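Chemist: Chain by chain, the residues run as shown.
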Amino acid sequence: MMSDHLLSLVTFLPLAAALGVALVERRAEGAIRGLSLLASVATFVLSLGLWAGFDPAAGFQFLEDAEWIAPLGARYHVGVDGLSLVLVLLTTLLSPLALAASWRSVGRAVKEFHVALLVLETAMLGVFVARDLLLFYVFWEAMLIPMYLLIGVWGGPGRFYAALKFFVYTLAGSVCMLVGIVYLYVAKGSVGFDLGQLASGAALGPSEERWLYWAFALAFMVKVPLFPFHTWLPDAHVEAPTAGSVLLAGVLLKMGAYGFLRLALPLFPTAFWCFAPLVAALAIVGVIYGALMALAQEDLKRLIAYSSVSHLGFVMLGIASGDPLAASGGVYQMLNHGVSTGALFLLVGVLYERRHTRLLGDFGGLAAGMPRLATAFLLIALSSIGLPGLNGFAGEFLVLLGTFQVRPLWAATAGLGVVLGAVYMLRCYQRVFHGEVVHEENRGLADLDARELACLAPLGLLTVVMGLFPGRFLAVLDPTVRALVEGGGP
Amino acid sequence: MTHYPIEAQLHWIVLAPLLGFALIGLAGARLGRGAVSLLGPAAPGVAFVYALDALQALRGAPEATVLAEPLWSWLDLGALSVSVGLRVDALAATLALVVTGVGFLIHVYSVGYMGHEPDGSYARYFAFLNLFTFAMLVLVLADNLVVFFVGWEGVGLCSYLLIGFWYRDLANSDAGRKAFVVNRVGDLAFVLGMFVAWRAFGTLDFARLNQEAHDDGGLATLCTLLFFIGATGKSAQLPLHVWLPDAMAGPTPVSALIHAATMVTAGVYMIGRLGGLYAVAPATLAVVAWVGCLTALYAGWVALAQRDIKKVLAWSTISQLGTMFVAMGVGAYASGLFHLVTHAFFKATLFLGAGAVIHGLAGEQDLGRMGGLARRMPVTALCTLLGALALAGVPPLSGFFSKDAILFAVGVSSVPGRSALCLLAWSAAALTGLYVARMMTLAFLGAPRSAAAAHAHEPRGTMAFALLVLAALAAAGGALGLPEAVAHGADRLGAFLAPGWAGAGHGPAAGAGGHAGLLEAERALMLRSGLLGVSVLAVGVLACTAWGGALEALFEADPGLAALRRAALGRFYVDEVYGAAVVRPLVAGSRLLWRVVDVGLVDAVVNGLARLVGLAAVALRPLQGGLLRGYAALLAAATVLLVVWAARGWFR
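Those sequence lines, one after another, are chains B and X.
The first sequence begins at 1 in my numbering and counts up one residue at a time.
The second sequence begins at 1001 in my numbering and counts up one residue at a time.
Because the hints were derived from the structure by calculation, they are not lab data.
Only a predicted model underlies this, so the values are computations on that prediction, with no experimental measurement involved.
Hints are not guaranteed to be accurate.
Below, a sample of chain B positions facing chain X; criterion: calculated Cβ distance under 10 Å [claimed, not checked]:
hint	residue
1	LEU9
2	TYR161
3	PRO234
4	ASP235
5	ARG472
Simulated DEER-style distance windows between Cβ atoms [said to hold, decoys possible]:
hint	chain 1	residue 1	chain 2	residue 2	range
6	X	LEU1592	B	LEU445	28 to 36 Å
7	X	GLY1115	B	THR357	32 to 40 Å
8	X	ALA1604	B	TRP211	22 to 30 Å
Note that CB positions come from ideal geometry on N, CA and C, so glycine has one too.
Okay, chain X solo, but in the shape it has when bound (with noise of 0.2 Å):
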């Protein structure tokens, strides 16, 4: 086996924002805010150089290689080993390059956009993201489920922490909470599955797991199932989606790197981790790409209805993650990465944009009360627009060739109701250019509709750089991987990605693209897609404008529509359907069971024979005191009178 100098550096990609953390976190305010705004950003900015690093070497390497660094033995009980060890693959070096590119990016851009905090908040909030960074980077480079799940859980925290980052307010610190619990509830699931899959294949490791795969007795498809729910979770898919829309609690920058980027792929990239393993469960991947379909569908809805610019945003990357979900459940396991990919970039300009928004306006996040801004802040328009043209899928930016890659691969997959699962998808991002077009036409169309809409300021410096760089990689960011209709050779994240699945046996989009009839149909559909994209932003923008006064006519008109809207923006009440079903029962029947079983009946029964004991006291007055010492002394002459007992049958 080649031994590559790299692997023994990378541990230098977990490690560096790690001693970031450690630093800001442990000096704090003291280090001083310059300090704090250069090592911040340098932790993952660090990190993305010894992660290129592991691209260059695995560019160089043949196909599949796997550049690994064991560290240590977390246990060795015979039965159960487990090491902590790192490992890169083209999947992992593609998700590792995003998380710290992105990442260092959004670092940048907090240094503005977190300016006016105190110094003592202003460290905190580095200190944390940090510590994402270092989470987030186990969960991308563990070499087996145990390490995986410390960097999954982790980056749960982090979450936590962030979302509630400004928590004096309450409602900021539920909305954390929220988050923590929802993901504690998938990873339950996430943790069975882990223990189904060490009895059935009696090994935790991602490459044995891989390897050794099959489905006797089902199950692989119980354990991927297990994992699907905590992805569900970590990802926000149905039905534990709840707690995303309630993260944009946290900072913006916060909300673009965690909470679109980077976090809430978890689960696409732990399906394509384990692909292999998805393979052989056939009935999991079209559970897999059900739900991710339904989501999609599902939050477009909501998202169409949001007034707040980030709900708006939240949502859509609900949908969008479902979109993933559900390349990787037809088991286009590339095109799923790609789109991760590609969103990471688009999305992440969309946050930042509605940063840049919501800081030019003194905080304001209203629809409602922007309006007019592509005057007043033409660059963030700009790049704001790119984002959402890539998030529309208009050709030929990155999320286009991304989403065309999606549908193409669920047209000529074999899923259980493809038909139908064919429609919902192009249903699904149809309505992605509809709730695009309402959100830009809102705040950057028309006229101010507030004060601060009016004076409204463009960003400067470190906020500027970070969204110009960003807006040119959701433009640009589909050249990694032009469909092979394009050109021969173009799918160049495909490419790489690939062999690290070979053998795993699916769908046509990892190798069959050459083929002339598929390569046809393809760019037949990309015609289609990108006249979808176009065609339906033009009609988003025309009913937030010139139709806007009929179709407000239309939804007061009618009441079936008007519920619609409200449901919508109410997002279909499931928040309250678990509030009634879940939370409140839980509350009020852990109070009740208190007063009832512990003070009530068990301590009754003990204060009652606490009484007895009492009465027999109160006959036994003469040998008691009052003291301690007569109970000792009873106590002490008991034990030696039945010691005695006891040693009769010596004495005989």
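Just chain B, same shape as in the assembly (with noise of 0.2 Å):
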């Protein structure tokens, strides 16, 4: 049956498309270009079916098990809870807009640039499905590789430094988590990689407890990223591709989060809330360090990397905080960010191939020529300052609210960030939109077309869906996460 195997299906299409895509002719640039679209929008649609399917109430559902490195008792076990299924949304629905984003942008290696977008998704995906230690390491370090080389490869100027800095900064940090899941697995004796039972399993000393999650919490500090280890994110984002960043932005930002929530809380409970005020305490910094660097940049895409690292740390400080509510809001905030901040990226892409620079000096008055742009921009910058109705407001409000009953301090020290980000996009925006323009390169630049807009019509009409429906979508998380930080779930 179908049904059976439909998180398998939809993890595995992408990739299937991709091997499909290796087979087509390299001159056949547009049906390189189609079948990749066909394929991870044929994801999307399938993805809708676990949407439609899933049961709130249910814990883990989809579930397959089967035999897969038998020696090692490593698993092929993927599932999805709300926690996941959102992620997977999405992951789904971010890659064929990267996709359709890419159509005219990238004309250089054009069959290796699908591969690698079609790769990078299954492997999100799979980070995002796997019940299995073993195989989410596989998923995980499968990513960083395309990832690798859609900014090395078709990235900027500065691509070979910032690629190198991903893979030094993302490789140590997975080093760590190698040799963490390695000694867990021999400590734990013989349960395997099940997720599951190594959370339930035999007890780790305290001492050990404590190493091991640091082990892991290091990979996904740089992940998030949590401030001070956040120094790829800027270069990587400037260098990378339209589609890089907003996968980047969209998806791989959320690994850290995701990983904090999905491994090193309930493997780790004692010494997760134990180091959780230090954490937290990051998060904060990284709120208000991050919107003042935004606040410094004159390179659009560096200004919106430092937002990520302020947005960002709204949802570690949800889920450190230990507060139900706001780790809900922390996980919603991951979907808010996702969208508003890859649909920025979407927004830049445009104006970067209009003007080949993302200069905020290189602007200016671009509103008169330009008013579908402008007004998504305005939309889009809107929902990722938080304006009460659009998405954004709801994951903060819950954040802070949440973590507002448990420490008071922190949430208004935090609330400082959202200050600051009205600072910071408004100004970047005036630069961009209003004013005369200076540069006569600016003159009669042509609007959004048709396939930009129906890039960006699906992100901006979830800002606003998110924004009055929040309850719909937190109704699927908030079961799970609830669990997760009460202690109650795997």
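Build the complex: two chains, separate frames, hints provided.
Modeler: Below you can see the structure in the form of structure tokens.
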């Protein structure tokens, strides 16, 4: 039955398409683009089936469990709960948009580009659905390579430095995690790599647990990224092509927070809560610091990258605060950030395609000639800075409300990030769209065309829908997140 | 519980302007100018009709009836459940009528005033104005703090969009940003107030907050204070008042609607909405009264020195809002709301009059380049005069009655420092007469002081219509709330509003009006405040005409007076202090932090590590072909090795 393997189908359809694309004649670029887009749209449609068939009250669903590496006890064990499901959907939504956005902007090594992007999609999905630690790690590492290539091959002039930095940072984190996985596997005895059993198996010694926690936490902190492990992000974003930035911000930046919730919290609960105040402190620093950095930037992508540091700070604050409302808000904020920052990078891509620059000083006065772009940018910017009625507000509100109940001062301090958000975002908007046109190149630029509108429309619509009806989405993820934070779940 | 048919229709009050926004916003100039000119004003017009229906239902219903229309569940997470719903009681109905009624007139006025705009920009203007009306009505009709906050920040957004409407001039865009950011500072406090309220009372619903309010451990005091900080942003009170004068960069009808009649009064409305909660926090109320009073006085001084006609009105608005807060602070909620309503009438009149002047003088806003306009623009002059007299508190115009009610309430209140507050409130009222006299004299009397003033022309059509209707309201609006001292049962607005706060236990303004001694005192006070209004106005006109030369000589002779005038013109340098203490350190600090910490420290460490890796790579050159394949193979090999090592236990 198809529905028995729906989750695997969703996960591996992009990989299958990548193989298909690899077989297509190199010069048939239209076919390559068409096939890739078709496959990732199909993946999205199939993933809607997961959403439709999901029961929020019932824990892990769409489970598949098969023998994989028998001698190690590693199994092909996948399934989704509320937390995984929403992130799977975010991934399947953003991937086709990233592909469609690259329709014209990528002209070099088109075939390899599409293969990399499709492989990346499967790897990202795999991370979210894996219920086996080794499987998780394989997908985790598999994710790095296509992203490294996307930056290093199709990136801008500083791509070598950026890609190396990205690689060094994440590899450092991954190596720590690998050591931790190996140790955990040995220490837990014969339970294999099953996440549920690893969490409930023989107890670890206190200092053992703490060391292991850090082995995992470092990898996740780099991925979030938490201050001070964030400096790879601005470089990676600046150099990455639009599709890379969209997926990097939209999905890859969720991996760290997901790792904390999925692995660090259930596997090492004592250590997790012991160091949660430290994580929260770093998160709060990130909220303020990221916003201040965004205020100082002249490059649009760098600015948005730093704004991500600020937003992901809210996510981590919610998770580390210990309050279930805040944690659910944090996860909701992961989705919101994916939607609004993904859209922001699409918009910057639109600007870059026309002007081949991202410097604020090269723009100015664009609103008059590009009203559709100006409107779309404004909507997304407002969603990003948490205007009530749009999606960002619901997440930030829950994070701060929940955190305030347990740590009022933390919430009040992080709240400053909301004020600073308005400062840097409106400054950015003004520099690009307001004032007179001072550079002749900015005259007569084409406004958003139908393809670009089609890429942006789903995200724009989501900012409104997720802002007006957050309950629909929270109903799916809240039971899972609540159980995790309250210690009841795997 | 009785059901009222209008309850199922309440959503049309907010939906009509939203539809207007969507239609005009999406279709834009393609609709055609005529369609936009019809649709734009129609949106608040339809909302006004529905609001009237709600008013009718409330008037026929028992006291303190609330019409409610639940819409949908925003979220429901067990502990926290927030629903979206509309609620109309006497207070909300009053505000909704002001917003849609005055809003409709200003939309109509805009058809003429914005007539010179190109099609696209004309459509954008009406789309934004409709969006504003929608957000303001959400704020007014909200049944809980979250929905209220959607409207609260929504009107702030529209304010930003309309202040910076002519965005090609960066100064306008700057003014919009300043408004948004300063409001965000207040909004942060407002959000924190919500968190305190939820922690203390377990609810964010207005009805429950007002009923279940108590001040255990000072939490009610804390959350009402935080809400009030939010109000100092939205309603431009000290110390967050700095954005409103700059907001005059927007088109003048926007100044009339958003920055005089409706949005800036949201803070006053908020206190009325949470009247029960504020009543259990007397310390907060005292702060409200004092901040309002000091703002009223300060802004009155600054208004006296301004040269730009819109700036005079902006500072006057800040001052009048302060007066409203004084009323709220002494517990005279109904009087505060009464002044809110009359102020909406007379200040909108004044702004539309100023707009007519600016329009007639081809954009001139400097009072020094006007003069003698009464002859060239008699209708505008008459309408503006009615607004000005109402503002100055000259009987029997609307402002006289509402200001009188507030001064009376302050006198009989139990607020800490009542005598001083009384004195300051009277001084602020006197200042009003002075700056109004100065503005009117400079603009309308004497001889024209520029070519534009000599060739000014009257507004026509829609502009004249809206101006005349509003001037009539400014003149006669006092009839809504004549004091009990005039006739028993004359305070119709007060009687309509007061039951909503029954049990909130505040000052005598709500119910004790029938007391014979108080009635006598109120009559005496009316006489005094009426005399004050007239005499100050007369002094003001004389100071600007007959005594003008002598005064000027006095100011030039005395360096102290000259410095005072400069300080008042310079807003007493509050903006400069913010610039030096907050804005510039923030901008410079963030650049410095970036260079020093991000680039200088963190990246230096990372690059150093990378160089180490590089050195190691040189050492391992034979393993490395410079191709990614190589790295991937290495990584894979290392992984396999580690896994094998890990699995050794299994092999044993």
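Chemist: For every hint, state whether the structure bears it out.
Modeler: Consistency of the hints with the structure:
1. The beta carbon of LEU9(B) comes no nearer than 27 Å to any beta carbon in chain X, farther than 10 Å, and the hint placing it at the interface is violated.
2. For TYR161(B), the interface hint holds, the least distance from its beta-carbon to any beta-carbon of chain X being 9 Å, beneath 10 Å.
3. Taking 10 Å as the C-beta contact cut-off toward chain X, the hint placing PRO234(B) at the interface holds, the least distance being around 8 Å.
4. A least Cβ separation of about 9 Å between ASP235(B) and chain X falls short of the 10 Å threshold, and the interface hint therefore holds.
5. The interface hint given for ARG472(B) is met, as the beta carbon of that residue sits about 9 Å from the closest beta carbon of chain X, less than 10 Å.
6. A hinted range of 28 to 36 Å holds for the C-beta pair LEU1592(X) and LEU445(B), which are about 35 Å apart.
7. For the pair GLY1115(X) and THR357(B), the beta carbons lie near 39 Å from each other, so the given range of 32 to 40 Å is met.
8. The hint said 22 to 30 Å for the Cβ distance between ALA1604(X) and TRP211(B), and at roughly 28 Å that hint holds.
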